[in-house]
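Go by the hints and put chains B and C onto chain A.
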Amino acid sequence: MRVVTYGEWQPLWLLLAVCFLLLPVAANAQTADDDFRAVVAEFGDANFREKESVAERLLETGHASARAVLTALLEDRFFFRQQDQQPFIVESSDENLSSFALIDPASLEAAGTSEPDQLDRVITNNRLRRFLRITIARFALSSPDADVRVDAVKQMLRSLDAASIELLRERAIEETNSSVSYEIDTALALAALDEDEGSARVAAINTLADRLSPEVYNRLSLLLERDEDGNFIEGNEDARLAATEAIRRIDAARNVYSIIETAFFGLSLGSVLALAAIGLTITFGVSGVINLAHGELLMLGAYTTYVVQLAMPNHIDVSILVAIPAAFLVTGAVGVLIERSIIRFLYGRPLETLLATFGVSLLLQQFVRSVFTANNRPVVTPSWMSGTLQFNEAFSLTYNRMSIVLFTLIVFAILLLVLKRTRVGLEMRAVSQNRLMARALGVRSEWVDAMTFGLGAGIAGVAGVALSQLTNVGPNLGQAYIVDSFLVVVFGGVGNIWGTLIGGMSLGIVNKVLEPFAGAVLGKIFVLVAVILFIQRRPRGLFPQTGRAAESS
Amino acid sequence: MKIGRQALPLLFKDRASCGFLALLTGVALVVPILNVAVPESSPLHLSSYVVGLIGKYLCYAILATAVDLIWGFCGILSLCHAAFFALGGYAIGMYLMRQIGTRGVYGHPVLPDFMVFLNWDALPWFWYGFDRFWFALAMVALVPAALAFVFGWLAFRSRVTGVYFSIMSQALSYALLLAFFRNDMGFGGNNGFTDFKDLLGFDLQSDGTRSALLVVTAATLAASYGACRMIVGSRAGRVIRSIRDAESRTRFLGYSVESYKLWLFVFSAVMAGVAGALYVPQVGIINPSEFEPIKSIEVVIWVAVGGRGTLFGAAAGAILVNYLKTYLTAAFPELWLYALGAIFIGVTIFLPRGLAGLWRSPSQVE
Amino acid sequence: MTPLLPRTRGAQATQTSWREMREAAARRKPSVLLGKVLHLDKLTVSFDQFKALDRLTLYVDPGELLCIIGPNGAGKTTMMDVITGRTRPDEGSAWFGKTVNLLALTEAEIAQAGIGRKFQKPTVFEFLSVFENLELALADNKSIWHTMVARLTPIQRERIDEVLQIISLGAKRTARAGALSHGQKQWLEIGMLLMQEPALLLVDEPVAGMTPQETERTGELLLSLAGKHSLIVVEHDMDFVRSIAKRVTVLCEGRVLAEGDMDSVQNDPRVIEVYLGA
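Chains as they are written, first to last, in the numbering used here: chain A, 1209 to 1761; chain B, 16 to 381; chain C, -10 to 267.
Looking at chain A on its own, in the form it has when it is part of the complex:
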């Protein structure tokens, strides 16, 4: 028999010890909850003065729900049930609701419902509310979570009074987190604008000069206004100068951010345009086919996304990743079908192809209307694509647009790889530059044509998936993008991938830059006219196909 030594039992001892230690904690939790409830219940009989001390004691319990209770009290959402005098927080105390949803004050869990007239609201007065605000803020200011502290300070920024300023001053001394300190300094500087001494005000203004929040801006502009008699509200001239300078600096900073934001929007619009146009440039460049059904292929891709989301409603986040290959296959197949049944007979007759593909577009539109009805269909944005990335008060970017820009670049990279590195790509390029010669070398040009059209259509479908995230999915989606796609192709140079990418991005940026001056519609018109004029100088676009074969066409 082996002798068991102490060392081997160590883990077990540790476990037992932990259990023993937790017991009192658990017990404590029980009693902590009870204590908390006891204090909360005191609100029922307290008068206003007493409520203040109850509130303080509530916070001192250190219970996690204390703040929620006080906030509810502040917002008139704290009630006692008449029958058993139990306190509850109510989700919404909207008068129009027929029943209120109750929340237990200690656990913050749902606790049933009740009719409004069976509840007594715990009332507050102004003084109590002020007190509550400050107490809650002070509490928030000492929260271990820096984000909570920042939010608390920002809240206080909006309504600074002597008490909150005092709190902030206290906190400023202890604060270690730099972003919280930043906000506190802003608040204190704003407060300092009311100081009697001019130089203090000037110092405050200088501090505020690189803050971008709207409250600061408004406050500073106020300083430069005149009252009814025409005198400046701000008497001190240095202060006025400082304020003018500060406002100038803030405006300059805002401008910079605004430009970046416009550029970003332009890039995102441009990447959508480029994505929509890339399929077109491939078919046009390789086969010389003008495909007026291209817009409908975009639409089919968007509808595929909708169908995929219908099929997997519980996995919306993954649905986009499934929709992309699905859309590629669906529209690619449709594209090959169109090519084999119609386009094949019309090679060398581009104007006829234009008409025939227009017929196809009508058929596709009507088909979608019959199957899915003429109304728009809802497509949900997955969670990883929602939300914004906030850099500062003046500048934020949305995740969905960022994803689309990234997606476009990936698609282009893959396409370039396919065209430059694979055999299929080589054959496509050969056929586009010199069909007869390619055939003489054994390239099956009909097969290449079908594949090219299928590839172009497939990419249009993938673009449709991206579009479904940005715009309404309906039978007319294609019509909205077809003219733009063509413009991008013509501007960037037919058959040239880089041309489409750069052309699309440029047109997107130009469009967005013009928007604030001319409005969306006039901006579009201007872009159209600009492209027409551009074609004068370079009739074949930014990156034309060169070489003798291209020259002769």
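I should point out that these hints are in silico values taken from the structure, not numbers from a laboratory. Hints are not guaranteed to be accurate.
[Claimed, not checked] Which residues of chain C face chain B? A partial, calculated answer using Cβ under 8 Å: (1) T112; (2) E115; (3) L117; (4) A126; (5) Q185; (6) G249.
C-beta: ideal position from N, C-alpha, C; glycine also.
Same frame as chain A, but now just chains B and C:
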């Protein structure tokens, strides 16, 4: 002599033209009589609705002829002719709006209803002069002509041809659509112009006026057909066809191809504008949806169905396809777009020379 | 237009009669232009990295018939493209006569200035009749306004008939040009060239695909034009070149390789190496 052999195909063409003009005259005479002179109880009576419909078809026929002139004969596929049509329509519409005067809903003597609705207090400068009929007529011709001149000059001068030109013209249509849809442009926004009362003092709702408009339209169709025939039959017509078939060669012979294309384009734009101006009093409304690119593409299909490069084929195709549209949208509305799509595909693959091509052999000199 | 010299029948045209024709051509008065009728100076044209013309310098005397030969890719067609305005060179200059800068004119303007071109592949207007093809090529006012109302004057009709006779297509005047044989299309195109009455004719492979009789007739026709008109003829058929040319220029890789009469060129070792073979 040898001229006889050359004249025979010309005679055939003239036979077709003669037949066409005779048919047109017949329609212009018979239809008004059947509407106005024959009593309603008679089975031969044609209702005002039918008169209006025939008038509409004839306007479309003029438009189709205009497109055939530059597409069938010169090879320029323009996808903005419906826009020229609409511009002519808007010009006459402005005159008609100004004629309404105090009979409008708001009763303002000068401002049309939609301007009163937008709280405007004065007529914009570009409405001046439209209270005169001759001015409106001049604008019907000049506005499409000016637009066609500028656009054509820019495009042809830089040798933009073929599909590039088609795309650009489609973009132009689209731009005009967007512009005219705006409420603050002063053209009635998305509602356009409607509720016309009279033209030159004649009530637009009366049968007599309708019939008169029909006759005028038929006469205009005959005149434009004749003008196109003359152009096509002259040496210029042969140059134009050479431009279609071998543009470079024509250039090397010393012909300024750009100049030919430009003036032909302008002429056909004016024709389209005139067609639009005849259309609007007969249908009683003009709105910006007439600028839609799809409308221009539909015109092309009328020409393709009838047979491009024949002129009378274009007119026939316009009437035929629109009759089909009227019938199908009333009887089987769901089917119309399917039918139209099928027509597009079928005609381009199976009937490249259109219906007129069915009884003309390819070896005939065009 | 001066009448053709009496035809010699069949392929038995002797060397002597060809020589006679050449000398007769040389004796005819040169055209009114002074100096060179065409002067190309250091023309350079490149497509991507490929140099189609490399500082090409060439000139044509008034009334001369110059033959240009050379291997494929030598730049012969590109040179014609530059002269007629279809391609713009990257460097160099091209002068027609003393005053006309070809690089500043459009194709139509160059054609109206008096340069006519016959293409390698016959490019007649297939759907028009032979007569109408010639009518289009008439040296007449070519503006749209004139052509809309123009009627053929009797003199113009006569001229068309004359040319029809020369190109032996009188019987086919109402036939569609597309229905002609290859050789007949070439002749029609030459006829159209004649209608233009150009001072300089650029003729690109006129006898390609022709029967020996047609080749002979073509040679006679071209020679009959020399003197009153200047011609540049590009050809590969050495016998043909020998029979019509007094001066021959050999182009290679965009440059002039050798010049002179046929004998000296054929015996030039560089030319043999590059083009004619041992």
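In rising order, the numbers of the hints this structure does not comply with: 6
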